[in-house]
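Asker: Sequence:
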Amino acid sequence: MTQEAPEKDTEQSAKQLLGFESRLIHAGTTTDPYTGSVNVPIYQTSTYRQEHIRGDVKWEYSRTGNPTRAALESLIADLEGGVAGFAFGSGMAAITAVLSLLHAGDEVIIPTNVYGGTYRVLAKVFDHFGIGYKVVDTQDLTAVEAAIGPHTAATLVESPANPLMTITDLAAISQIAHKHGLLSIVDNTFMTPYLQRPLELGADIVLHSATKYLGGHSDVVAGLVVVSNKELAQKIAFIQNSTGGVLGPFDSFLLVRGIKTLGVRMDRHLENASYLAQHLRDNPAVSRVYWPGFEDFPGHDVNARQASGPGVMMSFELAEGYDAPTFFRSTRMVALAESLGGVESLVCHPASMTHAAIPKEERDRVGITEGLIRLSVGIEDKEDILADIEQAIQAARK
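Residue 50 in numbering that gives the first Met the number 0 sits at position 51 of the sequence shown; the count goes up by one each step and never skips.
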């Protein structure tokens, strides 16, 4: 069977009339057509019986298509407002598939504090195939346009960007990209479609590390891609089938289940993040807090225009006289760990963890310092989160 890009049917389009929180639960393929199960089952199969050769069959091999994965893909396409969705085995597999649209000699513009994994795959993998990149402060639209050259093929931005929460005007960046015939790609991991929908702002492709807020429980590793038009859908479908980095049926099931509670989880995350950000800012032991919810935060107005909330990730730096390594050793409930977006609160050290692949001089230049602490605010009791962070700060006093 030739892999064709999936398209929305009439029932799925009708579901778009529902409110967003209802669509989290009812969008996409929600009912098993064979049994009436309200949850799409885990079709744990690698292949499918066919009646004759050269038949027009819907399912033939689970790398090409699987009903459980297809349910997830139709769900995320609906939520992001795209033509088609695609599920991969990790966020990096999703980014790799999208970058595989490029050709030798092409280059992509990325932000100054891009996720370290994105930087690494461009600098250490795609460079082997003659695909380059330019690091630009995408907050500066003039700088972005000035960086576009004859070989530029795409912009790939995050907003808020990891880990300094810098804001990029997604509508403006997409307009610039289209003016010059470029693809506009947005990593929407931090915001999710609950808070921000880049395709509605003009982006061509939106991607997620679904491991984070979409899954929400730190129990699945996955990546998602949604595209704005049928031509891109056909290209990504071909890449997905050809390279095979697909998400398995059990993980697809877990991700659908996680997405159903995205709304209630994000509301609690937002409540806790606002509380933590303000208390950290008021703490004399903290020299700076990076969070787009502050009215004086650079890009606050842009974020308020393009998103329905400030996001729930933040970073902060301790004041002089406090030792960051001791802080990390001193948290109790809040875990020092890679990743983010789960129900539990996590801290990480970007310079040695998520952004270690970026050269130190580049990290220092943009502000990813040895003292930077990134906080993924969970949904625990906000007083408990604050108490743990504060006692760790006090323990870090030299």
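Check each hint, because a few of them may be wrong.
[Stated by the list, open to error] Mimicking SDA-like on lysine to any residue, the simulated pairs with C-alpha atoms at most 25 Å apart in a straight line are:
#	residue 1	residue 2
1	K359	H278
2	K211	V120
3	K211	Y60
4	K234	R62
5	K123	H150
6	K359	F249
7	K229	Y60
8	K381	A336
9	K381	G370
In short, the hints are calculated from the structure, not lab data.
Asker: Quick check: which numbered hints come out false for this structure?
Answerer: Per hint list: 1, 3 and 6 violated.
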